[in-house]
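Heads up: the sequence lines are chains R and S, in that order.
For the first sequence, position 502 matches number 502 in this note's numbering, and the numbering has no gaps at all.
For the second sequence, position 342 matches number 342 in this note's numbering, and the numbering has no gaps at all.
Treat the hints loosely; a few may be bogus.
Chain copies aren't distinguished; within one or between two, either way the pair holds.
[What the hints assert, rightly or not] Straight-line C-alpha distance at most 30 Å; calculated DSS-like pairs for lysine-lysine:
| # | residue 1 | residue 2 |
| --- | --- | --- |
| 1 | 413 | 378 |
| 2 | 319 | 288 |
| 3 | 220 | 316 |
| 4 | 413 | 316 |
| 5 | 319 | 473 |
| 6 | 249 | 3 |
| 7 | 413 | 473 |
| 8 | 424 | 378 |
| 9 | 413 | 319 |
| 10 | 220 | 112 |
| 11 | 424 | 375 |
These are computed hints drawn from the structure, not numbers from a lab.
So the chains spell out like this:
Protein chains: 2
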Amino acid sequence: MAKNLQIIPLGGLGGIGKNMTVYEYGRNMIIVDCGVMFPDNDMYGIDLILPDFDYVIENQDRLRGIFLTHGHMDHIGALPYLLQHVDAPIYGTPLTLGMVERQLEEKNPGHKVDLRVLHRASQHHAGPFRVSPFSVAHSIPDAVGFVIESPIGKVVHTGDYKLDETPAGGHTTDLATLRSLTQDGVLAMLGDSTNADQPGRTETERVVRDTLDRLFAEAKGQRIIVATFSSLLARLQEIITLAEKHGRKVALTGYSLNRNVELARELGYLQVSDDLIVDPQARISPGKLVVLATGSQGEPRSALNRMAEGSHRQIKIRKGDTIIISGGTIPGNEEDVSRMINNLFERGAEVIYGAMASVHVSGHGGRGDMAAMLKAVKPTYLVPLHGEPRHLYMHRHLAREMGIPEDRIFILKEGMPWLSDGTKAWTEEALELADVWVDGRLVGEIGEIVMHDRHRLSQDGFVVALIPVNDRKELAGEPQLVSRGFVHLDESGELLDAGRKEIKRLVKGNGHNLGKALEDLFFRMTRSRPVVLPRFIEV
Amino acid sequence: MAKNLQIIPLGGLGGIGKNMTVYEYGRNMIIVDCGVMFPDNDMYGIDLILPDFDYVIENQDRLRGIFLTHGHMDHIGALPYLLQHVDAPIYGTPLTLGMVERQLEEKNPGHKVDLRVLHRASQHHAGPFRVSPFSVAHSIPDAVGFVIESPIGKVVHTGDYKLDETPAGGHTTDLATLRSLTQDGVLAMLGDSTNADQPGRTETERVVRDTLDRLFAEAKGQRIIVATFSSLLARLQEIITLAEKHGRKVALTGYSLNRNVELARELGYLQVSDDLIVDPQARISPGKLVVLATGSQGEPRSALNRMAEGSHRQIKIRKGDTIIISGGTIPGNEEDVSRMINNLFERGAEVIYGAMASVHVSGHGGRGDMAAMLKAVKPTYLVPLHGEPRHLYMHRHLAREMGIPEDRIFILKEGMPWLSDGTKAWTEEALELADVWVDGRLVGEIGEIVMHDRHRLSQDGFVVALIPVNDRKELAGEPQLVSRGFVHLDESGELLDAGRKEIKRLVKGNGHNLGKALEDLFFRMTRSRPVVLPRFIEV
Chain R
1 MAKNLQIIPL GGLGGIGKNM TVYEYGRNMI IVDCGVMFPD NDMYGIDLIL PDFDYVIENQ
61 DRLRGIFLTH GHMDHIGALP YLLQHVDAPI YGTPLTLGMV ERQLEEKNPG HKVDLRVLHR
121 ASQHHAGPFR VSPFSVAHSI PDAVGFVIES PIGKVVHTGD YKLDETPAGG HTTDLATLRS
181 LTQDGVLAML GDSTNADQPG RTETERVVRD TLDRLFAEAK GQRIIVATFS SLLARLQEII
241 TLAEKHGRKV ALTGYSLNRN VELARELGYL QVSDDLIVDP QARISPGKLV VLATGSQGEP
301 RSALNRMAEG SHRQIKIRKG DTIIISGGTI PGNEEDVSRM INNLFERGAE VIYGAMASVH
361 VSGHGGRGDM AAMLKAVKPT YLVPLHGEPR HLYMHRHLAR EMGIPEDRIF ILKEGMPWLS
421 DGTKAWTEEA LELADVWVDG RLVGEIGEIV MHDRHRLSQD GFVVALIPVN DRKELAGEPQ
481 LVSRGFVHLD ESGELLDAGR KEIKRLVKGN GHNLGKALED LFFRMTRSRP VVLPRFIEV
Chain S
1 MAKNLQIIPL GGLGGIGKNM TVYEYGRNMI IVDCGVMFPD NDMYGIDLIL PDFDYVIENQ
61 DRLRGIFLTH GHMDHIGALP YLLQHVDAPI YGTPLTLGMV ERQLEEKNPG HKVDLRVLHR
121 ASQHHAGPFR VSPFSVAHSI PDAVGFVIES PIGKVVHTGD YKLDETPAGG HTTDLATLRS
181 LTQDGVLAML GDSTNADQPG RTETERVVRD TLDRLFAEAK GQRIIVATFS SLLARLQEII
241 TLAEKHGRKV ALTGYSLNRN VELARELGYL QVSDDLIVDP QARISPGKLV VLATGSQGEP
301 RSALNRMAEG SHRQIKIRKG DTIIISGGTI PGNEEDVSRM INNLFERGAE VIYGAMASVH
361 VSGHGGRGDM AAMLKAVKPT YLVPLHGEPR HLYMHRHLAR EMGIPEDRIF ILKEGMPWLS
421 DGTKAWTEEA LELADVWVDG RLVGEIGEIV MHDRHRLSQD GFVVALIPVN DRKELAGEPQ
481 LVSRGFVHLD ESGELLDAGR KEIKRLVKGN GHNLGKALED LFFRMTRSRP VVLPRFIEV
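Using the sequences and the hints, build the whole thing.
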């Protein structure tokens with residue numbers, strides 16, 4: 001590998017999530033971010049997806065540090081798993097490190113790690129790399145991007161960002177510092193692509209504040225319930241400040257919300273007067289209360305969804321409640337969110353959501369923001385990061401429009417090394433990566449075969465055929481059929497009879513592939529194809 | 001029931017789909033629409049949902065006619081199932097009846113039915129009802145709403161509509177006729193609520209035509225592939241007209257697209273020069289061809305998705321192809337659509353979708369359209385139809401804003417009768433309805449229990465424990481565990497051993513509830529809870 005810079009994205013390109021990028025120079029490696037991805041709806045039973053970080057484990061002797069851009073799960077959530085295998089200093093801003101500590105407490109209690117605070121106006125040395133953070137505006141405070149200086153040139157790693165000149169309680173994206181850090185040119189930019197298919201600039205968080213201010217005024221005398229992401233700390237600050245302005249107390253409900261608020265207050269990222277927060281069961285007239293709840297995605301066990309279903313222990317929805325869903329719906333969650341909103345309306349609440357009011361803006365910049373970033377950084381090479389393929393291609397589309405030649409834009413696949421000697425750039429053969437699925441306590445034990453079975457079981461269920469035979473393999477009793485998720489076999493005498501008859505015929509005829517034959521029989525009769533498993537039992 | 005008008009929505013209120021409304025007066029009944037609903041993602045294995053029309057079957061002696069507003073599946077798709085049980089004249093415009101005939105050919109071949117063409121400027125008598133259709137603009141031509149005159153007053157049943165003064169090749173919504181038909185007042189309006197949470201007017205179809213015109217011009221020399229709904233006949237007309245304008249031939253791919261185009265051409269609803277349509281395999285230079293394909297929802301077996309996966313027999317995506325997704329994504333389909341678009345980009349195509357260009361507009365009016373309808377009809381009572389509960393409540397919200405008192409707006413549940421004597425109105429106890437699920441050939445045989453099992457199987461799979469016992473119920477051999485979708489039991493020796501050991505312990509100890517005990521054991525070890533079925537086998 002001699003003296004080339006090598007960059008390998010281990011995650012973040014196949015979908016939104018599990019962001020993790022390896023930077024190497026000589027025998028030195030640093031990592032930027034180490035996040036999880038949340039599964040698609042058709043990944044049955046999977047809780048989390050981790051990036052495949054075997055390459056890092058195998059080369060951990062070279063690892064000089066892990067740099068984190070911000071405290072969202074898709075950037076830090078896989079760290080507890082990685083740290084079970086490797087040891088390295090972890091760099092982050094104070095809030096990010098606070099979020100990391102909490103993750104580690106939950107997943108690796110007692111595990112000692114080397115956390116190092118990133119200061120904005122400083123440079124951090126890790127092997128031959130010099131890493132300078134710069135502030136970015138995002139939906140969590142204390143987010144940064146990095147200028148990573150290697151011996152052959154500088155790379156700008158934007159992290160998640162939007163420009164937002166009027167962010168809520170956070171920093172705006174510091175293009176001035178970025179420009180001054182990169183006056184001598186930028187070899188490559190690895191840039192956030194999330195909103196590359198959204199025209200124009202992402203609206204400022206201030207729009208949300210103004211809308212909420214108006215809605216709070218209109219809801220005079222009524223209880224207000226606001227649901228948002230517990231990690232949108234900037235949004236939480238706005239809501240709390242507005243509650244105080246409108247003479248309302250704030251009750252928090254939802255585990256992650258309580259934990260995040262506690263952490264952010266401890267670290268000084270949330271300004272909350274001590275007497276503002278009240279217990280959800282406190283006796284306060286509706287017009288004097290804002291309930292802050294988790295559940296903007298309709299998650300079945302979230303606080304707001306429990307209220308919608310009438311199963312929340314402390315809060316019952318009443319006619320006249322104003323409920324504000326202050327969080328965009330993540331693709332794949334639409335049905336859950338709709339169901340929850342339907343239930344809330346049916347309980348008599350007024351629900352404010354979606355296109356009817358600006359109660360949410362994205363934390364990622366649209367094409368206008370991305371164009372400004374490209375203009376500020378002027379990279380020789382662009383590597384779109386953080387997105388599904390369509391976002392990476394739309395990022396390229398934008399860069400081409402801005403005059404970057406197509407051969408200087410590299411759309412990588414996860415595991416594909418991008419190399420440069422400071423003059424030219426190229427890719428090499430990709431590492432073979434396999435996403436690691438987490439299902440309960442099982443990490444990496446569930447694979448494609450089990451998932452394929454779950455798909456089939458979900459559609460058509462199964463039938464296990466128990467076939468008693470003697471030692472000459474002749475039928476020695478009545479076959480039993482055990483089934484779930486197919487049809488009510490007990491009520492489907494016809495299917496049951498046909499199944500038993502087919503078994504007898506096949507066993508007599510020395511029939512091979514009895515499972516397949518039964519499957520075909522059931523398919524002919526029902527157009528459904530359950531998983532069929534025959535078992536011979538010697539009696 | 002004396003001389004009241006009774007209206008019962010049998011479908012269309014729990015979600016988008018299975019529209020079906022019963023109107024009764026004395027011993028006379030008519031039905032408006034009879035559609036299917038497509039299942040949510042978590043209704044595993046279900047193909048279609050039918051309204052529960054037992055009430056119609058039980059009272060079929062009173063049925064005087066079935067009136068259809070338009071030919072979309074959510075308004076006509078359940079008709080073949082209903083007609084297996086009842087017989088009545090079916091009224092519709094020519095295109096709607098054409099779509100019905102095709103449905104019947106596929107599902108009830110040979111079944112004779114009494115189809116009667118609806119003429120716009122005429123009145124159709126059915127028992128005491130006089131039904132006058134009026135044109136509405138929607139995404140399929142020949143769509144109508146109805147003014148239904150009963151002895152105690154007039155009801156306006158809007159059907160699906162938007163105003164759209166510049167629709168594509170269809171009629172605009174004929175408010176003038178509607179006003180003249182209702183000069184003497186309207187007792188009630190049953191109105192489309194689909195877009196009640198969308199501010200403003202729905203854009204006209206002309207916007208789409210203009211965008212497509214521009215995109216066709218920009219794609220000079222490149223092949224163009226447009227994916228849309230096969231039932232958006234107006235859209236198909238635009239694309240075909242534009243292809244001709246830009247000197248391109250049109251190739252159709254996808255079964256439903258070919259069938260719909262054939263039908264619409266036969267009936268004169270699509271103007272296509274004979275030499276314009278070519279075979280998808282015809283040798284034509286890319287710049288001279290538009291491929292029209294199904295698949296705007298990323299449906300796995302659709303033409304465009306096959307192209308995206310490289311498995312389409314006739315069309316391979318090539319670098320430079322321009323692909324236009326001209327159909328909004330139906331909630332719940334986001335992940336399929338994204339996956340398809342990602343694949344198309346990765347094959348080198350330029351894909352135009354979503355917010356980047358106005359290549360789709362809804363067929364339903366937004367709040368602006370709905371306000372204009374309310375203003376034209378000025379109903380005494382409003383019954384919001386056609387939507388999830390949130391849409392019905394937002395329809396009420398709009399009507400209240402327009403000055404209709406809340407006690408004159410009735411949000412019904414499916415099966416709930418709305419009655420009026422011409423002066424006052426009230427509801428009565430709802431019929432108990434149960435959606436009818438269609439899974440392959442099984443109509444109504446799959447119920448909640450089977451669905452619950454499919455859910456559990458999809459998450460954690462199953463384990464069947466085969467336990468050989470003698471006639472004294474003592475263990476008489478080694479227990480076998482048969483499993484799918486849980487973990488690879490064969491590779492999980494620890495689980496297998498623990499399971500066998502637990503079985504032996506329980507059988508010896510005369511343990512009851514062996515299934516539950518095994519379930520708990522597996523849960524302790526994995527945090528997954530497979531369906532566990534023990535079976536004792538006497539040997």
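Outcome of the hint check:
Taking the closest pair of Cα atoms, residue 413 and residue 378 come within 30 Å of each other only inside a single copy of the chain (23 Å); across copies the shortest separation is 59 Å, beyond that limit. Proximity of residue 319 to residue 288 under the C-alpha cut-off of 30 Å is restricted to the intra-copy arrangement: shortest distance 16 Å within a copy versus 61 Å between copies. In this homomeric assembly, residue 220 and residue 316 come within 30 Å of each other (Cα to Cα) only inside a single copy, at 19 Å, whereas the closest approach across copies is 60 Å. For the identical chains of this complex, residue 413 and residue 316 are inter-copy neighbours only, at 22 Å across copies versus 48 Å inside a copy, given an alpha-carbon limit of 30 Å.
Taking CA atoms no more than 30 Å apart as the test, residue 319 paired with residue 473 passes in neither setting, with 69 Å inside one copy and 59 Å between copies. Within a single copy, residue 249 and residue 3 get their C-alpha atoms no closer than 60 Å, and across copies no closer than 55 Å, so neither meets the 30 Å cut-off. Neither within a single protomer nor between protomers do residue 413 and residue 473 lie at most 30 Å apart by alpha-carbon distance, with minima of 53 Å and 59 Å respectively. Only within a single protomer do residue 424 and residue 378 lie at most 30 Å apart by alpha-carbon distance; the minimum there is 16 Å, versus 71 Å between protomers.
Taking CA atoms no more than 30 Å apart as the test, residue 413 paired with residue 319 passes between copies only; the shortest distance there is 18 Å, against 51 Å inside one copy. Neither within a single protomer nor between protomers do residue 220 and residue 112 lie at most 30 Å apart by alpha-carbon distance, with minima of 50 Å and 62 Å respectively. Only within a single protomer do residue 424 and residue 375 lie at most 30 Å apart by alpha-carbon distance; the minimum there is 21 Å, versus 67 Å between protomers.
Hint compliance for this structure: hints 5, 6, 7, 10 are broken, all remaining hints hold.
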